[in-house]
Amino acid sequence: MLNASLSQLSALLAAKKISSVELTAEFFKRAQALNSHYNAFITLSEETSLAQARAADRLIASGGAKPLTGVPIAQKDIFCTKGWLTTCGSRMLSNFVSPYDAGVIERFNAAGAVNIGKTNMDEFAMGSSNETSFYGPVKNPWDIAAVPGGSSGGSACAVAARLAPAATGTDTGGSIRQPAALCGISGLKPTYGLASRYGMIAFASSLDQAGPMAKSAEDLALMLNVMTGFDPRDSTSLQREPEDYTRDLQKPLDGLRIGLPKEYFVDEISDDVARAVEASLAEYRKLGAKTVEVSLPNTSLSVPVYYVLAPAEASSNLSRFDGVRYGYRAPEYDDLNDMYRKSRAHGFGAEVKRRILIGTYVLSHGYYDAYYIQAQKLRRLIAQDFAEAFKQCDIIMGPTSPTVAFNLGEKSNDPVQMYLSDAYTIAVNLAGLPGMSIPVGFGNKNRPVGLHIVGNYFSEAQMLNVAHRYQLATDWHTRMPAEPGNID
Amino acid sequence: MQWETVIGLEVHAQLSTQSKIFSGASTAFGVAPNAEACAVDLALPGVLPVLNRGAVERAIRFGLAVGAKINSPSIFARKNYFYPDLPKGYQISQYELPVVEGGTVTFQVAETEKTVRLVRAHLEEDAGKSLHEDFHGMTGIDLNRAGTPLLEIVSEPDMRSSAEAVAYAKILHSLVRWIGICDGNMQEGSFRCDANVSVRPSGSDKLGTRCEIKNLNSFRFLEKAIDHEARRQIEIIEEGGIIQQQTRLYDPDKDETRAMRSKEDAQDYRYFPDPDLLPLEISENWISEVRSASPELPSQMRSRLERDYGLSSYDSATLTADRDIAEYFEAVARKLPSDPKLCANWVMGETSAYLNDEGRSFDHCPLSPNELAQLLTRIKDGTISGKMAKEVFRQMWIKRRDEATAWKSRNAQMDESLADQIIESQGLKQISDSGALENLIAEVIAANGKSVEEFKAGKEKAFNALVGQVMKAGKGKANPAQVNEILRNKLK
Chain D
1 MLNASLSQLS
11 ALLAAKKISS
21 VELTAEFFKR
31 AQALNSHYNA
41 FITLSEETSL
51 AQARAADRLI
61 ASGGAKPLTG
71 VPIAQKDIFC
81 TKGWLTTCGS
91 RMLSNFVSPY
101 DAGVIERFNA
111 AGAVNIGKTN
121 MDEFAMGSSN
131 ETSFYGPVKN
141 PWDIAAVPGG
151 SSGGSACAVA
161 ARLAPAATGT
171 DTGGSIRQPA
181 ALCGISGLKP
191 TYGLASRYGM
201 IAFASSLDQA
211 GPMAKSAEDL
221 ALMLNVMTGF
231 DPRDSTSLQR
241 EPEDYTRDLQ
251 KPLDGLRIGL
261 PKEYFVDEIS
271 DDVARAVEAS
281 LAEYRKLGAK
291 TVEVSLPNTS
301 LSVPVYYVLA
311 PAEASSNLSR
321 FDGVRYGYRA
331 PEYDDLNDMY
341 RKSRAHGFGA
351 EVKRRILIGT
361 YVLSHGYYDA
371 YYIQAQKLRR
381 LIAQDFAEAF
391 KQCDIIMGPT
401 SPTVAFNLGE
411 KSNDPVQMYL
421 SDAYTIAVNL
431 AGLPGMSIPV
441 GFGNKNRPVG
451 LHIVGNYFSE
461 AQMLNVAHRY
471 QLATDWHTRM
481 PAEPGNID
Chain Z
1 MQWETVIGLE
11 VHAQLSTQSK
21 IFSGASTAFG
31 VAPNAEACAV
41 DLALPGVLPV
51 LNRGAVERAI
61 RFGLAVGAKI
71 NSPSIFARKN
81 YFYPDLPKGY
91 QISQYELPVV
101 EGGTVTFQVA
111 ETEKTVRLVR
121 AHLEEDAGKS
131 LHEDFHGMTG
141 IDLNRAGTPL
151 LEIVSEPDMR
161 SSAEAVAYAK
171 ILHSLVRWIG
181 ICDGNMQEGS
191 FRCDANVSVR
201 PSGSDKLGTR
211 CEIKNLNSFR
221 FLEKAIDHEA
231 RRQIEIIEEG
241 GIIQQQTRLY
251 DPDKDETRAM
261 RSKEDAQDYR
271 YFPDPDLLPL
281 EISENWISEV
291 RSASPELPSQ
301 MRSRLERDYG
311 LSSYDSATLT
321 ADRDIAEYFE
331 AVARKLPSDP
341 KLCANWVMGE
351 TSAYLNDEGR
361 SFDHCPLSPN
371 ELAQLLTRIK
381 DGTISGKMAK
391 EVFRQMWIKR
401 RDEATAWKSR
411 NAQMDESLAD
421 QIIESQGLKQ
431 ISDSGALENL
441 IAEVIAANGK
451 SVEEFKAGKE
461 KAFNALVGQV
471 MKAGKGKANP
481 AQVNEILRNK
491 LK
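Line order of the protein sequences matches chains D and Z. The opening position of the first sequence corresponds to residue 1 in the numbering used here, with each subsequent residue numbered one higher. The opening position of the second sequence corresponds to residue 1 in the numbering used here, with each subsequent residue numbered one higher.
Hints were generated in silico from the structure; no laboratory data involved. Each hint should be verified, as a subset may be incorrect.
Subject to a maximum C-alpha distance of 25 Å in a straight line, what follows is the list of computed DSS-like cross-link-like pairs (lysine-lysine) [what the hints assert, rightly or not]:
{"no.": "1", "chain 1": "Z", "residue 1": "K79", "chain 2": "D", "residue 2": "K342"}
{"no.": "2", "chain 1": "Z", "residue 1": "K380", "chain 2": "Z", "residue 2": "K477"}
{"no.": "3", "chain 1": "D", "residue 1": "K353", "chain 2": "D", "residue 2": "K411"}
{"no.": "4", "chain 1": "Z", "residue 1": "K461", "chain 2": "Z", "residue 2": "K450"}
{"no.": "5", "chain 1": "Z", "residue 1": "K461", "chain 2": "Z", "residue 2": "K490"}
{"no.": "6", "chain 1": "D", "residue 1": "K377", "chain 2": "Z", "residue 2": "K224"}
{"no.": "7", "chain 1": "D", "residue 1": "K353", "chain 2": "Z", "residue 2": "K79"}
{"no.": "8", "chain 1": "Z", "residue 1": "K429", "chain 2": "D", "residue 2": "K342"}
{"no.": "9", "chain 1": "Z", "residue 1": "K450", "chain 2": "Z", "residue 2": "K490"}
{"no.": "10", "chain 1": "Z", "residue 1": "K399", "chain 2": "Z", "residue 2": "K335"}
Per the computed footprint, the stretches of chain Z lying under chain D, defined by three or more beta-carbons under 8 Å from a beta-carbon of chain D, are [unchecked claim]:
{"no.": "11", "region": "41-55"}
{"no.": "12", "region": "79-88"}
{"no.": "13", "region": "275-281"}
Far from chain D, by Cβ distances over 10 Å, these chain Z residues were calculated [unchecked claim]:
{"no.": "14", "residue": "A35"}
{"no.": "15", "residue": "I141"}
{"no.": "16", "residue": "K214"}
{"no.": "17", "residue": "R270"}
{"no.": "18", "residue": "V290"}
{"no.": "19", "residue": "P340"}
{"no.": "20", "residue": "D381"}
{"no.": "21", "residue": "L437"}
{"no.": "22", "residue": "Q469"}
Please read all numbers here as calculations on a predicted model, not as lab measurements. We treat Cβ as the ideally placed atom computed from N, Cα and C, and that holds for glycine.
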């Protein structure tokens, strides 16, 4: 049961072969038993999860079941969940119990899904290794010496280690795709505006996007059907006809033109990653696709542009955490300014402070034109690169991350090295395009390698088709890390 | 040396929407602290702003009224600073590309016409309120005001005296009320001004260093604060000092301004476009819709009143000082098209005086325009004298006032006969029957032989005395014109 796909679990529940309470209890037991080993969850609440499972069972009994009714899903702790602690991985919100549900959470609730727990994450989603969480780093289930990637590292770990059948993540610069790659699972960041940002604690508003993380593309499609849709409470949410993302899964790939950006296949990729990606491209050719070389000439600018724009927005988005109305407040202070200073000094971690300072700097009078305005112009150029490339190909592929998972502590004192681990994923957020990562093999130390698939705007159904056909032909997505030894 | 004062105003007009500018919470005034602050106003983690169309429409309406350019796209920006009553840590405002750019406002001051140019009018949200009184050694936060929609109307430094500044603020106040975008309630802070004041030697075209006086919420304070500030600056310069650019507060109790903060500790607000709000597209269609739903402007109505009703410019200006007066007047004049001047006199005279005494506005007038028009018709057709009409008016007023329903909420049909009822029941009808008048006059001639003698000897005064006697005998109801005519014939 722990290895079943979402559609299998859904079918078992609908046929009443298992109850949601049984299923939830089983995953809960495992999550709780292994959490001290992986640190994937910040909050586990058996009572709350089982209450949702009982409600799901009633819904199934009454004949009102939908595809995800009764299925446990782990929720990234960036999503406000009514009645649950919602920390965003920060001490600043270590006492914040949300009085409302995020738009995405409402959709899962309406579908009758069960929240199995709140997953660990880099503080305020700032990080690529899950080492910036106030709640400590998450371990990579393939090798607990390695990072799971970030910032949705807890979600990626929970799915890879079978603590939950699927999970939600958010992706501002690669935070769904990079941990999916490093943990050997599938993850998708939809087109900007497709999933509601309401109730998703903001990091960089113009880049943040919620998406699904699961074992297979088929599972991602089922989740996407639930997660996406217009939300009038989010002004950047797109008004579109609802889509069934499972509809194109089976389509053959004959004639598919895969664009390979020449800028992606250069020295920065480690050999093991290059080998696995090459092998997956060979598989795609076997499936009837052809590859064409494309160019994204401004690729090298993505990381610097991102590290101007994302901190700029973050410095403003995080100013609401001032200790006045909710969240952490310093116990002792002299006056109002001292209260702000101490609350923020103690409440935020080093990476968050670093980005607030960068953001404050690039927005300040005298530097705004040189940094912020310039970065916005380059952002447009980066988006134009993709538009040009999509004239020559249907889909773009490359490695998700230049290396397999690195070791805990390996890059934590070198922010620039850390930032470069998102070099391939960031441009996609800057352009607002959809991107995904699927497992395509293993590299050094048997650590997973991810293939990055980038589609044009609103091409999620096609991307899932491309990923699904590959997963029908291969079994990388079904591989499991070894069970940890000596766990009660 | 002669000094010239240079003034520019920033007016914050609270827009009359039901809900806030970026949330669905109510804008109602005077409820318990934080009762009308929703998750968005409290800036809970994860919440997002959604723009209220009604606020944009009101801004467009203002822009059209002052002949400004309506920008499309218009951009919302974040103005970042820390303050406990600013829950998000930034205020959503407009910086580059406000909804309204340019425009002019023209008004009369001391018999001459003055035009002030506008720089811009932009939409923004209000902050909350810090409550210092109710908490010992602590401060409470009330976020009911947070997110209230404001239109900040920024003028060029085109005013040269406190009188001009007050006249400008008053005309703006009347305009925003007229076009229905702001209730203008200054006690509740719905309309407040910041004044930028500098002085320079007369004849100079270089601007002096300015000080900004914040939050003036009455025309009187505006006037006094500007006068005080100009005097203060002149004194400093005349004593050889220089003016520091500052933000100042006016203290009405001491009648002085004092420094709040100087340019040196001015904040860097780090404005940037709000990524949670897409650029606002305002289509030509939308502008046309707003235009056709906007009322006739006071200036347009003023010339129309002069043209169509033949009113003097003074009368038309008085009647268009407020939309409720203007509408009331037109409703009366429509019923009595033959004598708009009589209508204007009674609206500006008796009716305004009674309303003022009772502190009411025209839309809360006890008498309906129909009722007033009927009374005036009875003057015109000679049923009552103008003097008697005042008594009838008084009685009509008391009756309707005691019924305690403003005319706007009453059925127009019941209006028609009030004046007639009172004239009839109190026997106030003018005596125009020539037989009855002749009898009265004959009695007066018989009883006042001396006056008759004097008149015949050429004393015109004696004639007036005789008319007075007739009117007295008729208990004020005799038609004075007829009395005059009959008496003169009789004395020939």
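Hints, one by one, checked against the model:
no.: 1; hint: K79/Z - K342/D; result: holds (23 Å)
no.: 2; hint: K380/Z - K477/Z; result: holds (15 Å)
no.: 3; hint: K353/D - K411/D; result: holds (18 Å)
no.: 4; hint: K461/Z - K450/Z; result: holds (12 Å)
no.: 5; hint: K461/Z - K490/Z; result: holds (17 Å)
no.: 6; hint: K377/D - K224/Z; result: violated (49 Å)
no.: 7; hint: K353/D - K79/Z; result: holds (20 Å)
no.: 8; hint: K429/Z - K342/D; result: violated (84 Å)
no.: 9; hint: K450/Z - K490/Z; result: holds (16 Å)
no.: 10; hint: K399/Z - K335/Z; result: holds (22 Å)
no.: 11; hint: 41-55; result: holds (count 10)
no.: 12; hint: 79-88; result: holds (count 5)
no.: 13; hint: 275-281; result: holds (count 4)
no.: 14; hint: A35; result: holds (16 Å)
no.: 15; hint: I141; result: violated (7 Å)
no.: 16; hint: K214; result: holds (20 Å)
no.: 17; hint: R270; result: violated (4 Å)
no.: 18; hint: V290; result: holds (21 Å)
no.: 19; hint: P340; result: holds (51 Å)
no.: 20; hint: D381; result: holds (62 Å)
no.: 21; hint: L437; result: holds (77 Å)
no.: 22; hint: Q469; result: holds (81 Å)
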